[in-house]
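Going line by line, the protein sequences match chains A and B. Under this note's numbering, read the first sequence as residues 879 to 1379, first letter to last. Under this note's numbering, read the second sequence as residues 1159 to 1694, first letter to last.
Derived pair list, reagent style PhoX-like, types lysine-lysine, alpha-carbon separation capped at 25 Å: (1) A:K1054 / B:K1687; (2) A:K1353 / B:K1363; (3) B:K1366 / A:K1352; (4) B:K1687 / A:K1046; (5) A:K1352 / B:K1363; (6) A:K1353 / B:K1365; (7) A:K1048 / A:K1011; (8) A:K1054 / A:K1121; (9) B:K1365 / A:K1352; (10) A:K972 / A:K1283; (11) B:K1363 / A:K1334; (12) A:K1334 / B:K1365.
To give an idea of the chain A side of the interface with chain B (calculated C-beta under 8 Å), a few residues: (13) T1040; (14) G1320; (15) D1323.
If you're looking for bench data, these hints aren't it; they were derived computationally from the structure. Glycine is no exception: its CB is placed at the ideal position from the N, C-alpha and C atoms.
So you can see what is in the structure, the chains are spelled out below.
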Amino acid sequence: VPVISQKNRRNATAHSPFRCELDNVVHSKIETESGASLKMTSHQDEAVDDDERSDVETTQERESLSLGVSVGESFVELYSSTPSYRSRWYLTRKSLTEGLKEAITAVMEAGEGTSETPIEIHVASTAVERSLKRGHGQSPAIIVASGFETWFGLRQRVVTPTFTLQPKRKEPLVSKDFVFGISGRLQSNGHEETPIRIEELEFLKSKFDLLKIQHVVVALPHADKNPEHELQVAKYFEEHDMKVFMSHSIAEMAAADPVARWTECAELAYAELAVDEERAQIAAAFEDLTDHGSVLEWTRAGHGLRGGVESALSQAVRPNDPTLHLGLDHFYLLNDGAVHPLGLSASQGLKMGEWSFPGLSDEPVGLEPGPMLFGKSQLLSILDILFVQERLQAIEGLTPLINEKSRSRIQETLLAWGKSAGLTDGSTRLDPKAIAEDIESGFIDQLAHDAFLGLKGKVTLQGALASTLQPLLKKRRPDLDLILKPDGEWSEAKACLESLT
Amino acid sequence: VSRITSSSSTRAPSSNASLSKTTRPNRKSWHFEAAQAHALHDLLSSLLDPLGSSCMLMTEAGAKSENAILSIRTNRALDLATLPHAANLCHTYVKLKDRDVAILNEPASAGSTVSDFTLVAGVCFETAGPMAEILIAKRVSFPARTSESGRLEDEGVRVPPMPIAAGGKVNTDILSAMSMHPFAPVGLVEGITNACNELLAVADKLKKSALDPGSELRRASFKRYLTDCTRMVDERLHRLPLGAKTVTSRLPTGEVLKLQLRLDETRVTFDFAGTDASTRFGLTDMQTFSACMAVTASLFADGLPMNAATFSMVQVSAPSRTFLSGRGPVGTVQSTRFAFAAICDLVRAAFAQMTPTVRASGGTTSLGHFQFEFNGGKFWSSNLEPGAPASAEGAGLDAYAIWEPRPAIFAVDEIELNFPLKVIGCGIRAQSGGKGLHRGGDGAFYSFEVLESCKVRWALGPQISKTDGADGGKAGTAAKIEVRRFNSTTLDPLVEYGGNSDGIASLNAGDQIHFFAAGGGGFGSSKEKAKEESAE
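My request is simple: use the sequences and hints to build the entire structure.
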């Protein structure tokens, strides 16, 4: 278990305003039966300058090996400082279990550990977001007060453009057929008005059995004043081996809109399966590597499962300078003691927008099946543009996936877009590189604007894409001192390691 | 819009919707300019992000030329022209300097209703001078209040253009004084103060953006941006068929609305000559313009930038004797809503005569309203959303007023905590949409038990009578209100189809009341649907 100097611990806590909301940073600890330990004393050597070094200097007396693991939407990043080990792999090519096994074996060898060496891993995962985004989850039933069964659907936001003649709402995560009302009701002061009727729950249970529902969300009015009704319902269904999510447990939202509470609960219930699967995959990585009897402890701060790398970054030791994190999934600005998500990402999609010119779409296309440069996808993204512009620096885990033949496909797509936008006037042959250049410039312009608004002097860049984007950002903002953080390519997994329990 | 009649067109309309596309030379260079315009468009849009909806940015051009709207973001059609107009008025009267904020809600000038307050902040971003170079506006809406008298004075406090913050400091004394008015909205001081602070935060962000050495946020860029937008809008216009159509409709209250729509290569013209005067309705010319602009924008699925360039393609003529030109009495909250929705529906019907894809059923798009009034003047009100009419393109959306989609924030916990009301239920009124090839959207429903005696007031407007289907589609179910008295087992109708759209009733503790919004009209014959299904 790391022993961290008091100064560092205090600083880290002070820099962690979201500490109590830390969600998907999962801490697991593996110990062998014998409890043998490996002792190490080390200094973190990734600090940017002397000031920062003194701030993060940590004396660790380790009795275990510690790994930081960031499970992103498509890539896994792993980091160990002592012994030094880094790895990134694409989940489509190598499973989480397989990659972890390889990494643990390598770390144990490098650190002279044995199968009895305790291993502590800090995982930040996007399992919930992945599950919601890809629709890989299990639809729960929602139990609400009778009379409110259709309210949930009505509260979904309208996703069509303003003033459209054919407006549409976002499809709710849970179909209206899976929302059930019960007569139990509390008054606004939390006093019981109508008790929970067990026969109603029995009836619902039989319905759930028919529908093969295993997860139940209980979302009753005024549960924040008095959770008793939700607890009664939960007890009944838990006794029947069902997993129950109660709206009053979303504590930080208790005073806010109840439908937002319900939605949060429903999303967590929906993604529970994916979280369980991922947990099992991590556990499986240790099964063959350690003696039987290993203990895998999962502890979560907070009550939700959200957060992923954003939680890890907000918990990790903070740099003094503003830091722009340019990860494969998300971009963040770390400044003023907080993590600010930026609206752009490396897999930002492109579309023919209202200007009849290829521009950035509102949503990232993700990294699976990948940008076009992986050779499979049909959807253009910013990574493709950086590739044809020959900006992409070597990125472990990503570079081997690049299919060189895709270059011509990307250029042809750009050309087709150009033609459909009427970019040629018949006499001039259009250069797809010119289109790519313009898209790139628009992207860098927007990124620089959003990230550096109001900043002066030194800004540190980190993340897998930091070295790729640094020259472009520097050209856009020559007045800023944009420096690359040493070892910053691994900052996500490193943040997982630094985040304290 | 019921009973729409079509007169002969003054110019032969084109038979193909995608006609008249002119060949433009040097398209390559224009499109690369468009890329730059796109970047500025995104930047302006991102500046407005923190303000949510009903907000805008406009340049301050000085006395010699007109201020130019740079960007408007709103999902309420009414805001489109009234918000910049209100911002202009505020600045004209108050002479905003850097980080000053002015306020206005006077319906006759602001073009909003008394429950909507327009806030305008001045920003000086390029020069060190004190006068505003850019105006940022935001409209803050409070729950609407209706009154028995039908007089505007009884609906809320009326505020002429006046300063509310100087140099970034909000004058809470003025706000407190306003909040003392017996009909001032609950939470006025907090709501306006928060909105002021949001505006000032955006003003600061705008100043920082201007300091970015690569930023396009320059007066010179604005001019180029609007020129590029004009070209883009011009291109969009070429997708519409040319020609003219005249349509008329009669409101449930008897007034006749007449519109001649003319589409030519560079402009869309709306001429309302022939529309009646009215003692009941009174829209301002900016409200009428907003309706025409919103429906025109709705024709373009890929959107239009909402700014001065787009506005320049629309020309509206509303003669002074009509109720659309601001010469008549100022409309109350509900009369404004009903008349505005009627104009939007008429304009859409006119376009439908020329482009069949925008044809829709005749259900209303007007929000209804109900409110509870308790002892001591305490009141709580809510909207009653009808189902959207189905159209040639598809089914109508449930509980959605297309031109005024108020967010359905209906926090049961909060209502029960703050008012002597128990919410028995709320959601979608099942099966209220009209059947047809495309089904009309279902209306909303809200049910309450009152815990103290109170009065309930409602204004359902056309929802009580106007739910027609089209092209063989069935009518939606009309709005209704039912009451179950304490200790009674029967539900008694308070208002039903064809009844009075406005009314008031007394309720005692323990009484239950149920509000049901109208369903949208269906479009197309159900038989066609059955045929399609069997063919599949």
